[in-house]
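Engineer: Take a look at the letters that make up each chain.
Protein chains: 2
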Amino acid sequence: MQNKKRILIVGGVAGGASCAARLRRLCESCEIVLFDKGEHVSFANCGLPYFVGNVIKEEEKLLVAKPHVFNDRFNIQVHTQHEVTSIDRINKTISVTNLLDGVARTESYDALVLATGAKAIKPPLVGIDSPNIYSLRTIPDSRKLKAAAAKAKRAVIIGGGFIGLEMAENLAHLGLDVTIIEMATQVMPPLDTDMASYVKHCLENNNITLQLGQAVESFKQTENGLEVNYSNGHIETDMVLLAIGVLPESSLAQQAELQLSERAAIQVNAQMQTSDASIWAVGDVVEVQDLVTQQRFSLPLAGPANRQGRICAGAILQSFDPKLERNMRFKGVLGTAVCQIFDHTIAMTGASEKTLQRAGISDYQAIYLHPGNHVGYFPGAHPIHIKLIYAKADGKILGVQAFGHEGVARRVDVISMAMQLNGTVYDLEESELCYAPQFGAAKDPINMAGMIAGNNLRDDLPLADWTQLKSSDQQIIDVRSPAEFSTNHIEGAINIPLEEMRKRIGELSADKEVWLICGVGQRAYYAYRLLFQSGYKARILSGGMQTYQAKYQV
Amino acid sequence: MQNKKRILIVGGVAGGASCAARLRRLCESCEIVLFDKGEHVSFANCGLPYFVGNVIKEEEKLLVAKPHVFNDRFNIQVHTQHEVTSIDRINKTISVTNLLDGVARTESYDALVLATGAKAIKPPLVGIDSPNIYSLRTIPDSRKLKAAAAKAKRAVIIGGGFIGLEMAENLAHLGLDVTIIEMATQVMPPLDTDMASYVKHCLENNNITLQLGQAVESFKQTENGLEVNYSNGHIETDMVLLAIGVLPESSLAQQAELQLSERAAIQVNAQMQTSDASIWAVGDVVEVQDLVTQQRFSLPLAGPANRQGRICAGAILQSFDPKLERNMRFKGVLGTAVCQIFDHTIAMTGASEKTLQRAGISDYQAIYLHPGNHVGYFPGAHPIHIKLIYAKADGKILGVQAFGHEGVARRVDVISMAMQLNGTVYDLEESELCYAPQFGAAKDPINMAGMIAGNNLRDDLPLADWTQLKSSDQQIIDVRSPAEFSTNHIEGAINIPLEEMRKRIGELSADKEVWLICGVGQRAYYAYRLLFQSGYKARILSGGMQTYQAKYQV
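Residue numbers (our numbering), protein chains in the order written: chain X, 1 to 554; chain E, 555 to 1108.
With the rest of the complex left out, here is chain X (with noise of 0.2 Å):
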């Protein structure tokens, strides 16, 4: 490089750390310049819940590099409480304003990263703005939350998806009465609605009261507390935190007319370059691209920040020098994602059922499984239910979202490999896994997934439809034991035992498909097996009596 660069960074957590860092570990003669308008950079944004939990005691620990760190080790010069106002993009410019003494000043730069994230919506409603009504965004922030929460004895949390469930779990274990107001039909819209159903009845368990399908009208203080009003009901509490998610916090972008999405987030290539090529940006204010459906959407998370963060910094540099080759591209997400609920934890990457849906993709399958975390013989197993969705034309899998106690993250996190390196269910059935009797099974959740899904795509498996099971046009024939059946059954059900079908194979009516079910799919499908090569046309009701109630007992 012949002439000294100028970068400027605004924001300073994931995205903009990550780049500032990886810039200087590739070019060490720039100067690097941070601007972040909060108290702090390179925070622990996802541990805040846990902070006001007192999960994490020390709110030090939430300072992952301190400002001296970036200047010590990196010599990036870090600017807190500087806010930045506008870009003048002709003269390659910013304003920015110190926060502590109001003063403005101009600063001019060869390369200029937006990493400014994403604020908290806050929804026009009446009574929004009255005391002890807070959102989770920054350390001062998680400060007042910690404040509030000591001195209430109940909680309403507005929105059931990530933060409010983790801040759920954190108010409960503080000592107090916790509600979640959610407007959709289930916790977790990420989900599918009946692998919801699973945190729903965790959540259940563990005391707080949901509040589904609900959408929040209004506020109003009361001499007890606060008074909020939802759509069928209203609740009176001590404080309320709002968490229906975020929007980019894009309006220097907007002011700088860079190219955003109708969603407001800001466009950008492979390489985390806007539409003006001398700026870039990253992380929650960026549009990424839905590895599955192509589609392109936002995704607040910290991973594919700080991976935008590394590959934003070395395109800023082949821009100065197209020499250096550093042509690192952001593919895109698979949408990862993991939450403790309590002593339980749910999991997911790729695409939803709902997700395909909704981009009109519909040549996809999905199954339902219930394996033991490891092998029942060993003390301590615990089930994990699954449910993998697969294209069917290929096997090509889509996405899986699991729950369940223990080795949640390692089965999802082995599917997500499997899906970076577009892997098929066939893959899964061959995959060579950790097994030890306190770890899994020489049959592995992963491989009976693949196994499943497999003998699905080898007509060895078909499945029925579970959305049809109130037609009338098929037996549905429960092969359980007698004293199961007897706990619970599918309306309409006939209970043939495994061990007996094969001399009452008569019983069934050779006219009707027979739909198969049992405790979660294993004995519906040996007797799949016995009444295709006998001639019938049989179908097996994927997950049995588990994923049943999942869907139908929510």
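These are calculated hints, taken from the structure and not from any lab test.
Being a predicted model, the structure only gives us computed values, none of them experimental.
Every residue, glycine too, gets a C-beta built ideally from N, C-alpha and C.
Just to be clear, a hint being listed does not mean it is correct.
[Claimed, not checked] Some residues of chain E that are not near chain X, with every Cβ distance over 10 Å (derived):
#	residue
1	Arg578
2	Gln775
3	Asn783
4	Glu811
5	Asp830
6	Ala947
7	Arg964
8	Leu1011
[Claimed, not checked] Simulated DEER-style distance windows between Cβ atoms:
#	chain 1	residue 1	chain 2	residue 2	range
9	X	Ile90	E	Asp1027	53 to 59 Å
10	E	Glu816	X	Asn488	55 to 61 Å
11	E	Ile675	X	Asn54	53 to 59 Å
12	E	Asn881	X	Ser481	32 to 38 Å
13	X	Phe297	E	Arg883	38 to 44 Å
14	E	Phe874	X	Glu491	54 to 60 Å
15	E	Asp626	X	Lys153	54 to 60 Å
[What the hints assert, rightly or not] Within a straight-line C-alpha distance of at most 20 Å, the following computed EDC-like cross-link-like pairs (lysine to aspartate or glutamate) qualify:
#	chain 1	residue 1	chain 2	residue 2
16	X	Lys537	E	Asp642
17	E	Lys620	E	Glu593
18	X	Lys323	E	Glu593
19	E	Lys620	X	Asp238
Chain X is already provided as a structure; the job is to place chain E on it using the hints.
Structural biologist: Same frame as chain X, now just chain E:
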């Protein structure tokens, strides 16, 4: 199928039982008969050490499927305590003896499956048949061991592999003083020595006595027990467990002149068919291909045995009726394995350096890293010590070994899946894994491994050769803080903390290569980038002082 086919299976644990059940699922009309010389079929042999250790309390739990289940559910005839003594390949019959009454009979087959497993190696040492010398392959073995342990205070385990270490833990839990004698100079021979050192320290911290590099020479009964004599000493004990490995139980195949490997494993094709087109073999008795080195060997693990059973079933039926198209292939093994060592886990997949060297593969690079299993700011983080090996030519992943408290199997599983799909370190760099503070980091250990390796391959992070550390051709610069340096450092290393490097760079000699070291490798990398861009020739000692200790303070 025109005729009712008769399929005989010899051996009813993992591979044989899987094969039998799959055969029935695919063929309702076949006659399927399973023989096992033991008392049980389909038992949980991986659970035996934990049954001895009373972690699994009821013997009943070890019986995954009892003979009547095979009969009732699958219409499979099971004959336990029946030993198959010979095969007549020309007439397609076997001779089988009922061990209860000694009566022999002949059974004919259309297809024969050998799933005879492996047998514990019992070296011909003086005194090997003394009382209180045990091995562990079957439920009766485990009963004997459990009874012996109940009376014993001291145990000697010969062999420090998987079974040896699992049994060491279980016997220690029962309150015995345990000594492991291992011929290799390390425990867990499949690991590289540096990674085995973590296991060694963990065992020692849990009061297991290790005698490494010691060959057992003889046993002698004494007044108070049994004297075990080994290379450099002797020890008196109450009981001995032989856990020096297994050999294929291929005598039947040998007698029938099937093609065997040098090490007496049955040779099979990708459909698990032996050199006789009507005889098939699966499980510990067969030879498999190492997917990394392409070499053939035996691998006694349950996962591959189950998959082979499944593939074999389809292939047999296809051999009867080519229209079936059940053409699954067993491609080979990565050798994924895991072992709990008290409160730690060791896991691996793919090739070790040792394996590569034995196979004559030298164009590889090994890196070391020691990331937390989750972010440090969330309570309870513990390091995972990782060694990743990849091809220098293209970054293809060749193997990984990892040791830690939690999250070890998860990371090894992700890498196993990546390897299965021919993934490279660049794929690890890009992977999108579950992250919340309890579960990982925005840059997961997998991402970190990929980034270090990717940086190395992009020439951004040149690595020093640990084996050349003692040569005097370089200056070793330790970039940790003076406090860290004072606790331990490499002899001759000079301390220049990262934060002072920019101003003290003049202290470095420009003539000698600079080898940089820090705690785990991160600060050394930052220092490298600085030095490189200032014109110095430098390299990093991968994994820092943590790896130094693993390599040199064993």
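Engineer: Take a quick look at E/Ala947 and tell me if its Cβ sits farther than 10 Å from every Cβ on chain X, holds or violated.
Structural biologist: 18 Å, holds
Engineer: Confirm or reject the claim that E/Glu816 and X/Asn488 have a C-beta distance inside 55 to 61 Å.
Structural biologist: 58 Å, holds
Engineer: Taking 20 Å as the top limit, are the C-alpha atoms of E/Lys620 and E/Glu593 close enough?
Structural biologist: 11 Å, holds
Engineer: Hey, does E/Glu811 actually stay past 10 Å from chain X on C-beta?
Structural biologist: 31 Å, holds
Engineer: Does E/Asp830 really sit off the interface, with its C-beta more than 10 Å from all C-beta atoms of chain X?
Structural biologist: 26 Å, holds
Engineer: Please test the hint of 54 to 60 Å on the beta carbon pair from E/Phe874 and X/Glu491.
Structural biologist: 43 Å, violated
Engineer: Starting from the range 32 to 38 Å, see whether the pair E/Asn881 and X/Ser481 falls in it by beta-carbon distance.
Structural biologist: 37 Å, holds
Engineer: I want to verify a distance hint. Is the separation of the beta carbons of X/Phe297 and E/Arg883 within 38 to 44 Å?
Structural biologist: 40 Å, holds
Engineer: Checking the smallest CB distance to chain X, is E/Asn783 really beyond 10 Å?
Structural biologist: Label holds. Min Cβ-Cβ 32 Å, cutoff 10 Å.
Engineer: Non-interface claim for E/Leu1011: all C-beta distances to chain X beyond 10 Å?
Structural biologist: 12 Å, holds
Engineer: Grab the minimum beta-carbon distance between E/Gln775 and chain X and tell me whether it stays above 10 Å.
Structural biologist: Non-interface label stands for E/Gln775: nearest chain X Cβ at 35 Å, farther than 10 Å.
Engineer: Between X/Ile90 and E/Asp1027, does the C-beta distance stay in 53 to 59 Å?
Structural biologist: Given about 55 Å between the Cβ atoms, the range holds.
Taken one by one, the earlier hints fail for this structure at numbers 1, 7, 14, 16, 18 and 19, listed in ascending order.
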